[in-house]
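Asks: Residues per chain, in single letters:
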Amino acid sequence: MDNKSQNNVAVDINKGRSRAAALFRKQEVFLAIFIVVLGAVVAIVNPLFLSIQNFFNIVLAVSITGISTIGLSLVLISGEFDLTLGALMSVQAILFATFATKIGTGIAIVLVLLLGIVFGLINGLLVTRIKAHSFIITLALLSVYSGIALVISNGEWVSMKGIFPVFKGKLFEVIPNPAIVFVIVVIVFAIVLRYTKFGRILYAIGGNVQSAYLSGLKVKNYKILTFTLAAILYTIAAIVLVSMIGTALPTSGDVYMLEAFAAAVVGGVLLGGGKGSMLGIFLGIIVFGLINNALVIMNVDPFWRDVVVGSIILAAVAISGYGASRK
Amino acid sequence: MSNKEQYASVANTSMTRTSKLSRFFNQKTVLVLIMIVVAIFVTIINQNFLSLKNLFNIVSAVSVIGIATIGASMVLITGEFDLTLGAVFSVTAWLMALLTPTYGATVGISAALVAGLVFGIVTGLVVTNVKANSFIITLALGSVYTGIGLLLNRGAYSSMSGFFTIFKEKIFGIIPYSIIALLVVLIAAALVFKYTKFGRAIFLTGSNQHAAYLSGIKVKFYKVTVFAIAGVLYGLSSIVLVSQISVAMNYIGASYTLAAIAAAVLGGVVLGGGKGDVLGIFLGVLLFGLVSNAMILMNIKPYWRGIVIGVIILIALSVSGYLESKE
Chain A
129 MDNKSQNNVA VDINKGRSRA AALFRKQEVF LAIFIVVLGA VVAIVNPLFL
179 SIQNFFNIVL AVSITGISTI GLSLVLISGE FDLTLGALMS VQAILFATFA
229 TKIGTGIAIV LVLLLGIVFG LINGLLVTRI KAHSFIITLA LLSVYSGIAL
279 VISNGEWVSM KGIFPVFKGK LFEVIPNPAI VFVIVVIVFA IVLRYTKFGR
329 ILYAIGGNVQ SAYLSGLKVK NYKILTFTLA AILYTIAAIV LVSMIGTALP
379 TSGDVYMLEA FAAAVVGGVL LGGGKGSMLG IFLGIIVFGL INNALVIMNV
429 DPFWRDVVVG SIILAAVAIS GYGASRK
Chain B
34 MSNKEQYASV ANTSMTRTSK LSRFFNQKTV LVLIMIVVAI FVTIINQNFL
84 SLKNLFNIVS AVSVIGIATI GASMVLITGE FDLTLGAVFS VTAWLMALLT
134 PTYGATVGIS AALVAGLVFG IVTGLVVTNV KANSFIITLA LGSVYTGIGL
184 LLNRGAYSSM SGFFTIFKEK IFGIIPYSII ALLVVLIAAA LVFKYTKFGR
234 AIFLTGSNQH AAYLSGIKVK FYKVTVFAIA GVLYGLSSIV LVSQISVAMN
284 YIGASYTLAA IAAAVLGGVV LGGGKGDVLG IFLGVLLFGL VSNAMILMNI
334 KPYWRGIVIG VIILIALSVS GYLESKE
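First to last, the sequence lines map onto chains A and B. Add 128 to the 1-based position in the first sequence for our numbering, that's all there is to it. Add 33 to the 1-based position in the second sequence for our numbering, that's all there is to it.
Hints listed in this document are in silico derivations from the structure and should not be mistaken for laboratory results. Values in this document were obtained by computation on a predicted structure and should not be read as measured data. Don't take every hint at face value.
Okay, the calculated bits of chain A under chain B, using three or more residues with CB under 8 Å as the criterion [as the list claims (entries may be wrong)]: (1) 218–230; (2) 249–262; (3) 325–338.
Only some residues are given here: those of chain B computed to face chain A with a beta carbon under 8 Å [to be verified]: (4) 173; (5) 174; (6) 176; (7) 177; (8) 284; (9) 287; (10) 291; (11) 294; (12) 305; (13) 333; (14) 351.
Even glycine gets a Cβ: it sits at the ideal position worked out from N, Cα and C.
Construct the entire structure; sequences and hints are all you get.
Replies: Here it is in structure tokens:
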């Protein structure tokens, strides 16, 4: 590859990023304003909302969705879909609970993380080898992983029998441990996306896969790596979940899949790839936690939840789409 | 846009047309081969498989998802996603079961179909007017519709046992009425796809939206119409199900959303639009039914179903992708 095309690609990437950055600022500003306004309204109705305790409740409630959403976002930024999120969490939850109760938590954590890497490699290899949309490939894999979770558990739940309650606990009796894991994951991947070569390459591949390939990037390898990182994050989310609630169901993770998509997109991640910042993703996740918390604390009829959540996703994508078209 | 570009895009469309034919042949051949292998295998273990009664059972069992999949496929062919299927299905099923005992089946059926139509039109209008991926828009709308259902029924199920049981029954005690319903929808869809201006318009819209727009096709109008028809078909499929099982509750349709997309793609509908035909879709749906039936006859635990279906989808995609690349 000659220098010239390399420079062109570099320019391309930079252009993509600065254009993206301008748009993201909008999405992030919008989310921040939304969070402040909603927070103010809720605080007026119920001052308890502003307590430290409630603040940590919100972060705790989104920890598991948050960790898995960050994994999914990596895949989305690279321009692919990953529908295995929920099913993979379910398999890992069952495996972790089974291993932990039989051979100890230490080995169980290592084992499921290794298996997470294996599952991620399988996802990445199949998506990059089979000539079909990753939506349908990962949908087929979702079906396989759900099946594995059911077969291993025989359709029954697996109890942790009280062992490994660490994620039920709080640091200094204040900060819930799952929230700490979530924040660490946020910080690590904020750095990865912004300051590492891998992060830049991820945006380049998602922004324009053709030019990324032509500039000599091993696109397939990076995609496989992305799916693997995502699977590791789903695994971490599953471990935290099982420890938190003390049992694993063969469907434990299922509810997180579409929630994660919604949080990522509200946070400014573009389906199709190339766009999305960690700040946006983080705010997107917090918005969901805030809404759920606000509905509870304002004593809103729980049957309104789905309508409110759906409408807010719509509003967010409509506004960011409008902003993009105005540019 | 210059004339040259316009010609180029038209040329592109006709190119995809010709390669389409050969591709479909391949994908369908793969499906038929898989079915023959499964059928031989099952027949060796259990001769009942090949009985006329069992073959009708297989088709009857896929009539509900078959009708819904035609709706979902039409949306996919125009190049959009529709994740509202499950939510619309659940609400229309509930309406049908609620109204039929008091006001009669005509009112129940009308209400279900009209509700499906209204949901479909709303979905179409939002998708064509909000600048965002229809995956996320219909995900949000699905949440809103589910919420509307919950607000209406407050989480309660509705039952119409003894009323409108026609889709449980069989003509001359042999051919289930549910198969007739499925066949009517399949034939109507095949005729519309092949012989109407509407059919040609939706395929052109899906394969090259820009060219379709430039050649004077009212892209938005056709998209809204397709979502509306899909909504009616979701309503119709829910009527068949409720007639068979007599009860309806929230989330009754939830599992159909992704299953319909999987069946459609298995049958040769391409995510991204422009490709698909009714015979392929029917084969895709039928394969699902065949596998479920085979597993029952072979006494395999239902937990394995997801794994088997997932692996079959992956095999079919790999083979047809491979055949396509050889061309």
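Asks: Does the closest beta carbon of chain A sit nearer than 8 Å to the beta carbon of residue 291 of chain B?
Replies: holds, 6 Å
Asks: With a cut-off of 8 Å on the beta carbons, see whether residue 351 of chain B makes it to chain A.
Replies: Cβ of residue 351 of chain B sits 5 Å from chain A, so the hint holds.
Asks: Within the assertion that chain B covers the stretch 325–338 of chain A, do at least three residues meet a Cβ-to-Cβ distance smaller than 8 Å?
Replies: Contact hint for the stretch 325–338 of chain A vs chain B: violated, 0 residues under 8 Å.
Asks: Minimum Cβ distance from residue 333 of chain B to chain A below 8 Å?
Replies: violated, 10 Å
Asks: Classify the hint on residue 174 of chain B as holds or violated, based on whether any CB of chain A lies nearer than 8 Å to its CB.
Replies: holds, 6 Å
Asks: Under the criterion of a CB-CB separation shorter than 8 Å, is residue 305 of chain B in contact with chain A as hinted?
Replies: holds, 7 Å
Asks: Quick check: do three or more residues in the stretch 249–262 of chain A have a beta carbon closer than 8 Å to a beta carbon of chain B?
Replies: holds (count 6)
Asks: Could you check if residue 177 of chain B really has its C-beta closer than 8 Å to a C-beta on chain A?
Replies: Given a least distance of 4 Å, the restraint on residue 177 of chain B holds.
Asks: Classify the hint on residue 287 of chain B as holds or violated, based on whether any CB of chain A lies nearer than 8 Å to its CB.
Replies: violated, 10 Å
Asks: Please check whether residue 284 of chain B passes as an interface residue: C-beta within 8 Å of a C-beta belonging to chain A.
Replies: This hint is violated: residue 284 of chain B lies away from chain A, its Cβ roughly 11 Å from the closest one there, beyond 8 Å.
Asks: Given residue 294 of chain B as an interface hint, is its Cβ closer than 8 Å to any Cβ of chain A?
Replies: At about 7 Å, which falls below the 8 Å cut-off, the nearest Cβ of chain A leaves the hint on residue 294 of chain B intact, so it holds.
Asks: A closest beta-carbon separation below 8 Å is what the hint needs, so does residue 176 of chain B meet it against chain A?
Replies: holds, 3 Å
Hints 1, 3, 8, 9, 13, counting from the list given before, are not met by this structure.
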